[in-house]
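Got chain A sorted already, so can you dock chain B onto it with the hints?
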Amino acid sequence: MDVLQLLVSGLANGCVYGLIALGFVLIYKATEAVNFAQGDFMMLGAFVTLGLTNAEYLHMPFWLAAPLAIMIMAVLGYLLDNLVLRHLFGQSQTAVVILTIALGFVIRFVAGVIWGHEPQTLESPLAIGDIHFGGVVLGVADVAVIVVTVLMTLFLYQFFQRTKLGLAMQAASQNQMAAYYMGIPVKRVQGLIWGLSGATAAVAGILFASKGAIDPNAGLLGIKAFAAAVIGGFGSLPGALAGGLIVGVIEPFASRYFAAGYSQIAPYALLLIVLVLRPHGLFSQIRIKKV
Amino acid sequence: MRILFKTSYNDDIRLFPDRWTLAVYAALLALAFALPLLLDEFYLGEVTNVLIWAIAGLGLMLLTGQTGQVSLGHAAFLAIGCYTNTILIEAGLPFILAFPLAGMITGVVGAIIAIPALRLHGIYLAIATIALSILADDIIVLLDPWTGGVSGKFPDAITLFGLEIERWTMPVRFYYLVLAVTVICTLFYRNLLRSPLGRAFAAVRDSEVSASAMGVHIARTKGTAFGLSCMITGWAGALMGYYAGAFNNETFSLVISITLLMMIVIGGLGSIHGAFFGAVVVAFLPQVLSILKGAVLGGGVAIPGLETGVFGMILILFILFEPMGIYGRWLKVRTWFELFPFARKDMFRRQKSYLKTERLR
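So the protein sequences, as listed, match chains A and B.
Under numbering that gives the first Met the number 0, think of the first position of the first sequence as 0, with each following residue one higher.
Under numbering that gives the first Met the number 0, think of the first position of the second sequence as 0, with each following residue one higher.
Errors might be hidden in some of the hints.
As the list claims (entries may be wrong) - Stretches of chain B that chain A covers, calculated by requiring three or more beta carbons in the stretch to come under 8 Å of a beta carbon on chain A:
#, region
1, 123 to 133
2, 257 to 270
3, 310 to 318
Unchecked claim - On the chain A side, residues computed to face chain B include the following (Cβ under 10 Å):
#, residue
4, Phe35
5, Gly111
6, Gln119
7, Val275
What the hints assert, rightly or not - Listed next, with one range per pair, are the computed distances between beta-carbon atoms:
#, chain 1, residue 1, chain 2, residue 2, range
8, A, Tyr180, B, Glu306, 45 to 53 Å
9, B, Arg198, A, His86, 25 to 33 Å
10, B, Met213, A, Tyr180, 28 to 36 Å
11, A, His86, B, Leu186, 34 to 42 Å
Source of the hints: derived by calculation from the structure; they are not laboratory data.
All residues carry an ideal CB built from backbone N, CA and C; glycine is no exception.
Chain A extracted, bound-state conformation (with noise of 0.2 Å):
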């Protein structure tokens, strides 16, 4: 019964980390480029949320704030993209790896100026307490995550795969000058992506925030979020959250079972293991290009 706690406790955490891996993979999908700043996106949902909600701020009913602050971060992701990002278009990687990062240090320093760097919790009607399942303990809002979570899966992936806009998404990534000539509009289609991202940090936010406290560091979640996307491959939405509840299981079991020391290297032991065997993945799109 122990473990199967750890385990329904892991999984729940395991979404969060699965939902902030969304966000990575749907940009790289879309623009091949990763968002570090994709943590932070999170914790700026989840205070955007909290500002709109909580009794000290705004006050508003929360099933009108969640959708106020998705929106906003949708909106914010959209211009993030039209603003900023989009001087670097067509560049390498590199120059948006290290974009993203810088964007993540301004994220966390505004965040702390309008909100304090005090931890806060937001007034969540998820966050009412307990579901007893046959022995096992588990809080609403972890049922909560658990199934938005999968249910934004299913429906990312679906929209990926069967709608026009998402195969356009796709073309306009694999090759940009191609997808040109094919009639898509590629910087329009990248600004979408960027407001559907942020949308989903949102969404990962708020159920984050009913779990627990948030301040502006939370964003460095997104760092085990990286994990949990590298070990399923970028590029794939079932992998993103396949990796995410694998790093979110490891968790509980390794500082259960494992000494203090090495309990917290574990999820980064095993990114570093699988990059070795499975340089892309467990779930791969690339092949190296023979000379």
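Frame of chain A, contents of chain B only:
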């Protein structure tokens, strides 16, 4: 206006293209030597800090600017250099042996780590090195018997040719030591670029496919770049240990890795000048900010995260408007003067490029 007229192939790889450049660098070196006479001890310490950061920047520049491999884990190699140096000296080796050896050991470790990392490229390498940087912290704690764990280590004063060198009591001597290492590393870097190996680095950066078509062994070249880069970084780490006076597992954190990478981007990727320009920004930004803050808000107001926030904003502006960094701007100004009055506006315009993926599905 200056005219460079090349009459032999050797003109292309000369250390100094003409007498004027030689004179400029000689003057710069003379100024560096005379600096202890011109500055008081506090500012001399700051300049020493700039030089140490510049050495670390040169190390990362070799890998990122020259070979095109992004590393977000170079703080780990700073740590290896720092700890190796201290441990070797505690084991009884003289500084003159321990210090070079520390860099070489770091280089070997870097090359070994690079073997699996070579199969990665682009973002995967960046993420693997992030993991490395995080792991370094925990590994230092786990290796408590050697590294002193959380309580850290305090390096002893250096004894070199019978002279005692210590950062606080003898800042002038420490400055000259750092200056000597800086000059050696810079000359090493500059000469490396003139060698076939340096050309191979640039070829790998610009296109792996065409480099291997030209007979460059990609994996070996990247591994060598990693090793050499880590060697220089290790020396910088050892000096950083002496400069700080005390270090533990948190001294060389992920933030240092990121700062290092941002530093060379602000300075200008792929140029020696860039490492130095970037180091100046990194070392003096906190001071400038605190002076500005004091002037605007009055003293005593603390804004946490201000430094990193401003640093991030500066970096964003540079990437957007001057991707070649401070060195790129300097190059433009210099060219304008050299060609006066023939400089044209679009001389440095970049070609439009389109991204093409290597993903197949």
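Comparing the hints with the structure gives:
| no. | hint | verdict |
| --- | --- | --- |
| 1 | 123 to 133 | holds (count 8) |
| 2 | 257 to 270 | holds (count 4) |
| 3 | 310 to 318 | holds (count 6) |
| 4 | Phe35 | holds, 8 Å |
| 5 | Gly111 | holds, 5 Å |
| 6 | Gln119 | violated, 15 Å |
| 7 | Val275 | holds, 4 Å |
| 8 | A:Tyr180 <-> B:Glu306: 45 to 53 Å | holds, 46 Å |
| 9 | B:Arg198 <-> A:His86: 25 to 33 Å | holds, 31 Å |
| 10 | B:Met213 <-> A:Tyr180: 28 to 36 Å | holds, 31 Å |
| 11 | A:His86 <-> B:Leu186: 34 to 42 Å | holds, 37 Å |
Consistency with the previously given hints fails for number 6 only.
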